[in-house]
Amino acid sequence: MAQAASRNRRLLARIGEHSTGIIASVLFAAPIVWAVLSAFKPAQEARLPPLPPWPTSGFSLENYATLNSFGDGLWVSAQNSIYVSVMTVVLSVAVSVLAGYGFSRFRFPFKDLFFILILSTIMIPFQSILTPIFLVLTKLGLHNTLTGLVGVYVTLQLPFSIFMMRNAFDAVPREIEEAARMDGAGNLTMLWKVMLPLVWPGVVTIALFAFLGAWNEFLAALVLMTDQSKFTLPVMMTALQSGRFGAIDWGAVQAGVTVMMVPCLILFLALQRFYIRGLMAGAVK
Amino acid sequence: MTTITTTTAPPRARKLVGASRQQWIGLLYVAPAVALVVVFFLIPLGMTAWMSLHNWPLMGEHSYIGLGNYVAILRDTRFWNALRFTAYYTVIVTIAIFVVAFPLALFVERPRPLTNLYRTMFFMPAVVGFASASLLWSWLLNVDSGLFSPAAYDLGLIDKKFNLLATFQPAFWSIIAMVVWKVAGFTMIILMAGLQSIPQDLQEAAVIDGAGPFARFRAITLPLMRRTLALALILSVAGSILAFDQFYIILRGGPRNQTLTAVYWIFNQSFVSFKLGYGAALSMVLLVVLVALSLVQLWLLRKPEGLD
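Going down the list, the protein sequences come from chains A and B.
Residues 205 to 489 in the working numbering are what the first sequence spells out, letter by letter.
Residues 153 to 460 in the working numbering are what the second sequence spells out, letter by letter.
One or more hints might be untrue.
Cross-link-like lysine to aspartate or glutamate pairs, in silico, EDC-like; alpha carbons within 20 Å at most [claimed, not checked]: (1) K313(B) - E381(A); (2) K397(A) - E381(A); (3) K343(A) - E213(B).
To spell it out: a stretch of chain A is covered by chain B in this simulated footprint if at least three of its residues, at any positions, have a beta carbon under 8 Å from a beta carbon of chain B; those stretches are [what the hints assert, rightly or not]: (4) 223-230; (5) 277-285; (6) 300-306; (7) 359-372; (8) 381-391; (9) 439-446; (10) 466-480.
Derived from the structure by calculation, the hints contain no laboratory data.
None of these values were measured; they are calculated from a predicted model.
Here a beta-carbon is modelled for each residue, glycine too, at the ideal position from N, C-alpha and C.
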């Protein structure tokens with residue numbers, strides 16, 4: 205009797221727990237799912253109130269087509285965003301792997317000073333030095349270029365990713381290197397063939413953070429890119445949403461938001477454990 | 153010649169030659185990173201200070217005006233209002249994030265069936281960019297074809313569609329809701345890591361001593377979480393003080409300029425009015441505030457843990 209009662213109570217507790225979990229999950233996921241589904245409504249329907257969230261009069265890509273006809277088009281901005289994000293990933297990984305290796309394995313003048321300098325950039329956010337960044341880029345002839353934007357984004361990634369990579373290299377036992385050196389490996393071979401395979405989880409982590417950072421950044425892109433043909437997705441979408449090209453087409457906004465969110469979500473779902481690990485590493489700092 | 157000296161030198165000297173060569177190699181490895189930081193951080197930082205002492209229009213000559221910009225800031229009520237609003241927003245949003253994130257962290261801390269799914273679901277909005285989230289919510293909050301107002305109207309809850317973004321209070325709380333939705337999962341993960349680092353036997357010992365859940369939370373969980381709580385607090389405060397995207401995209405600083413944040417005002421002065429020198433001076437003020445806060449935060453994190 206008593207046993208059955210306690211089993212019932214436990215069952216009730218579990219049901220309570222999971223209904224809480226499911227309700228909360230729905231609340232967090234709903235806006236994303238809603239936008240993704242609504243983007244497939246025909247334009248006519250997208251102007252109507254949002255219930256139900258899915259298309260009722262047939263699946264349509266009309267909103268994406270409308271979006272592509274705004275300004276220089278969805279595809280141009282998407283290409284800009286892809287270019288900027290991929291370049292940011294490649295360069296910030298290259299620069300941080302080299303620097304992380306340097307800080308972990310070598311002694312050289314001003315080493316501590318350089319390390320502190322790089323880490324301290326985290327204390328002063330780029331938002332407060334954006335005006336001179338704008339002028340520096342103009343001086344370098346990089347104003348209104350995607351390359352200039354990449355330079356800014358890579359620099360933003362450095363404190364986190366160099367810290368990450370230095371720790372990753374620190375964790376590799378020196379014996380491995382010594383053994384490789386006995387076998388006649390030079391400095392770069394050592395880094396490329398011996399060390400890199402051992403620190404690749406760190407590399408994936410910093411690459412993921414660099415991608416999300418560059419793909420999602422808004423203020424610097426808004427300030428530094430003045431030509432419509434250079435707009436990244438967030439800037440193009442803001443221009444569209446502010447009605448700069450006529451009345452706001454919410455169907456097109458849903459389509460644009462979907463294009464902006466889905467790559468982040470896919471990458472996150474595929475590389476979850478690296479993301480969480482990066483978060484922890486950043487947190488331990 | 154050099155080869156001869158190296159080969160004939162005693163082993164220790166050879167090592168030294170190798171070591172000094174290594175020094176330069178180390179510098180080479182870190183050089184690209186240092187160069188980037190100099191060009192995109194150090195020089196702009198110095199220039200901010202320099203520009204703040206000038207009248208610096210986008211076109212035409214700039215001229216030295218000493219502390220003129222700073223004197224102008226003292227009279228700039230918009231800026232002080234923006235700073236005050238930023239502080240207000242930071243406090244409220246940080247509290248709201250903790251109120252949501254802490255229960256979530258407790259909920260997903262222990263591994264149970266479906267816990268991983270819940271963690272992922274709660275965290276998903278955190279990987280979406282602030283700009284995307286803002287655009288998404290600007291649609292949901294829209295009075296005509298958005299979600300809240302039309303749905304409430306269709307369901308007969310309200311008899312007239314209500315524009316959430318037209319007056320300060322509803323607009324402000326809409327932004328808070330959006331930011332909590334976007335950020336709570338992130339804070340949850342940080343807090344969860346802190347909870348998991350608390351040794352399980354401590355809790356068990358307390359249970360044996362007859363401590364209830366609330367007593368255990370107060371006597372064990374909270375003190376042992378101090379560093380984690382401080383960190384989550386710092387991240388939330390740092391993010392909120394620099395808030396821009398959501399206020400620019402959803403509210404455009406409105407209604408009636410009541411939601412201009414500090415960064416928004418600097419953006420306006422520098423890149424809309426093109427008063428670059430004045431924008432730089434405003435940046436310097438914000439910078440001083442942020443560095444002061446960073447120092448407080450470092451001190452918070454340095455303080456030793458209660459029990460170790």
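Verification of the hints:
1. K313(B) - E381(A): Roughly 69 Å separates the two Cα atoms, so the pair is violated.
2. K397(A) - E381(A): Holds. K397(A) to E381(A) sits at ~11 Å (cutoff 20 Å).
3. K343(A) - E213(B): Holds: K343(A) and E213(B) sit about 15 Å apart, inside 20 Å.
4. 223-230: holds (count 4)
5. 277-285: With 0 residues in contact (Cβ-Cβ under 8 Å with chain B), the coverage given for the segment 277-285 of chain A is violated.
6. 300-306: holds (count 5)
7. 359-372: Result for this restraint: holds, n = 3.
8. 381-391: Since 1 is below three, the answer is violated.
9. 439-446: The restraint on the segment 439-446 of chain A holds, since 4 of its residues have a Cβ under 8 Å from chain B and three suffice.
10. 466-480: Coverage by chain B holds here, the residue count being 8 at a Cβ distance below 8 Å.
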